[in-house]
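Q: Model the placement of chains B and C on the given structure of chain A, informed by the hints.
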Amino acid sequence: MIRLFKQPQTAMRYKLQLGTAVLTAALLLFLYIYTAFVLRHDSTLTNLSIRLQGSSLMHPLGTDHLGRDVLTRLMLGGRQTVGYSLLALAAALLIGTASGMIAGFKGGWLDRIFMRIADGFLAFPDMIVVIVLSGLLGPGLHSMITAIVMVKWVSYARVVRTTVITESRQDYMLAARINGLSPANMLSRHLLPHVAGQVLVLASLDLGKVILLISSLSYIGLGVQPPTPEWGAMLNDSRPYFQLAPQLMLYPGLAIVLLVLSVNMLGDYLRDYFDVKKEVRV
Amino acid sequence: MLHFDEITIRTSSRTLVDKVSLNVQPGEWHALVGQSGSGKSLLSRSAGQLLPPGLSAEGSILLEGTDLLGLKRSNLRSLLGRRMSYIFQDYQAAFAPFRTIGQHFREAIATHDKQRLREAPDRTSAALESVGLEGSLASRYPFQLSGGQLQRASIALALLFSPDVLIADEVTTALDSVSGHRVLSLLNRLRLETGCSILFITHDWRHVRRYTDRIAVMKDGRIVESGGTHRVLDHPRHEYTRRLIAAAPVLSRLPSGLQEAQP
Amino acid sequence: MSNPLLCVEQLSKRYASGKLAIDEVSFQLGRGESLGLVGESGCGKSTLARCLLRLEPVSSGTIIFKGQPVQQLTEKQLNPYRRDMQMVFQNPAAALNPRLRIRDSLLDPYKQYSSQMQHSYFSCTSRSAFVTELLEAVELSPSLSGCYPHELSGGQKQRVTIARAVSIEPALIVLDEPTASLDVLSQGAILTLLEHLQRNLKLAYLFISHDLAAVSRMCSRMLVMREGTFVDSFSRQMMFAEDRHPYTKELISIF
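Protein chains in written order, with the working numbering: chain A, 32 to 313; chain B, 2 to 264; chain C, 162 to 416.
With the rest of the complex left out, here is chain A (with noise of 0.2 Å):
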């Protein structure tokens, strides 16, 4: 049927989702730049001296067990998190959206090899694939970023090779045979699109996950080694002072909360931009 009613709150979640975001999103490159350009602490430098100490106007969140600035330590640990975070989505989903896509459209024993290859990876937990990866290569970020992709990727090939069968079978399909495109215009025209939004609001959603992963390897000491900052390692640092100075946990803490919540509002709000169908149907 047509449609018949536009659900006023569907309109209004939308907004809502894409404000906050972009209202957390302005408020941090606020505080990196206010931190970067004003405060202009040095994030390794240490002065025992300053230690443990509150806020105040030079050190709006305080000082850690060494002395630093923790505004400083949280921004450049942040940019940290969320870029490698990033890197490593990126890599897993040009990895698993090439060969999903290549996998369902050709079918066959490459389809074949491509599932046994994920069902393999799919059989231990991310965690494990990721501490077991971090032990062999070494503890460091580049061990890590590789962890992730390798566990990640599987994922999106699964996905992508789902709905490029399904789409496959249409009937628009034929008719792109019949017109006589390529495969790699038949991928690329009318594949990529369906596949684009579903990876893209994966991802995102991923995101999340992704950075609580890096915190928490950093945390048990798998990830980014002192004294480059980082929330997970800021956190594990600050554990023998929980009791002295709670906010250094806290901090960190409510950074990676906060991160992960505006990530995942993201990600609904992509999944909506994505529905072509917007309206609700009855």
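Hints in this document: simulated from the structure, not taken from any laboratory.
Just so you know, even glycine gets a beta-carbon here, dropped at the ideal spot from N, CA and C.
Check before you lean on any hint, since a few could be wrong.
[Claimed, not checked] With the C-beta cut set under 7 Å, the calculated list includes, among others, these residues of chain A facing chain C: (1) T197; (2) Y203; (3) A206; (4) L223; (5) Q229.
[Unchecked claim] Calculated pairs, DSBU-like style, for lysine-lysine (alpha carbon to alpha carbon, straight line, at most 35 Å): (6) B:K20 <-> B:K73; (7) C:K272 <-> A:K137; (8) A:K137 <-> C:K180.
A: Below, chains B and C without anything else, positioned relative to chain A:
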């Protein structure tokens, strides 16, 4: 028998069905013809309070004096399927895919006639045979049946308790014309045998012209013309009815040149 | 027929499951002719259409299109012939990519074949002018070109797929139940449009349908298919003749 009195269905912005009155006589086959979006399905669904969420009907619908719109859900449930039945276009959705045809019949008997649940297998195969299917199909799952067979089974289920009124919503649309034709002649036979009246919703008057007693033509939520089948089809009064008739090709023994020359 | 456009000889199609979908069918189709193919669902008529367009491999037999046997050609070799055969599908909602705007769907065949086109009917000076011309040819408003398929009604969508099929001025269009999923008013309008386009573009139609009334309106010659074989073949004048196959008589009795 089934009497729609000034039914209005509207959303906040649009009126979908506008003060429509319709009366289905006992034992008659009444066709309701219209394009998609004309409101014909909404009208038929309002009788069983089957409207999509957010919509409700104003007016009154009487089934032998009982006002259906005022009934409580629980009372309506005991009435639906027993005194008034529905069959829909989507025959695949009429049966849950993981239960056999027989289990569906058993469930219906358990709902409406619990005392005689023990006779369920016999009644099921008798009902299936009455629509020209083998009784052994009861042990099959829906996906093992063809479209025509499933639609027959859904008719058998709808007529299990000899309802007074059967509301058939586009039941032949998803079938090809051959299976559709067989389903229609079956419906007609069952109507003559059981005496139930049929309210038949369709967009294609060709399917029903040989069975229906009366036709109502619906457009944009209103009935623009209604009357005896022959009167409406042979001497249409409303412009829209004329267009409907002109749009659908029929076979005639006239040389084709003459047929095409008509406006 | 001395030089038919399409000549099918003893074509068979067996599914991987071993089921015989088409059993040695033969027929010819002349240039500019419309041939009807009638049968109920599951009789193999849609499979036949897909085999003709080489969307599915055939098991045995020959398909000669414009004097060239095409049944064994690879996709690449098939390309010059693909330009001349188009198809209109039963369900227009599935035949248009829901994520592409109407104009992008319409331009699909044009992008591939524009170099081989004769432009005898459509002038196409620019892409946007071409899209406008196409939409007007199927009596749609040019303003629809920026819409997505879900914003159009079923009849409008089917007009778009027809516009796409005629855009490269093919010799043959296989119409696979083009009206089956539309309501009566749209059905009639689509049939009129198809007749109109056939006259203007000198198209040959293979009209596949279960609706004998629609087929007999469009086609002068008809084939009746049942369980993978042709049981009857007749011209429109001979439709009511006494020696028709009993199955044909049953089909006639429906309408």
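Q: For each hint, tell me whether it holds in the structure or not.
A: So, going through the hints one by one against the coordinates:
At a threshold of 7 Å, the smallest CB-CB gap from T197 (chain A) to chain C is about 11 Å, leaving the interface hint violated. Interface hint status for Y203 (chain A): upheld, as the beta-carbon distance to the closest one in chain C is roughly 5 Å, under 7 Å. About 6 Å separates the beta-carbon of A206 (chain A) from the nearest beta-carbon of chain C, less than 7 Å, and the hint is met. Of the supplied interface hints, the one on L223 (chain A) is violated, with its beta-carbon coming no nearer than about 9 Å to a beta-carbon of chain C, more than 7 Å.
Using the Cβ-Cβ criterion of 7 Å, the hint placing Q229 (chain A) at the interface with chain C is not satisfied: the shortest such distance is roughly 11 Å. A distance of roughly 23 Å separates the Cα atoms of K20 (chain B) and K73 (chain B); the hinted pair therefore holds under the 35 Å criterion. Distance check on the hinted pair: K272 (chain C) and K137 (chain A) sit about 24 Å apart at the alpha-carbon level, within 35 Å; holds. A C-alpha spacing of about 25 Å is found between K137 (chain A) and K180 (chain C), which places the hinted pair at or below 35 Å, so the restraint holds.
Hint compliance for this structure: hints 1, 4, 5 are not met, and every other hint is.
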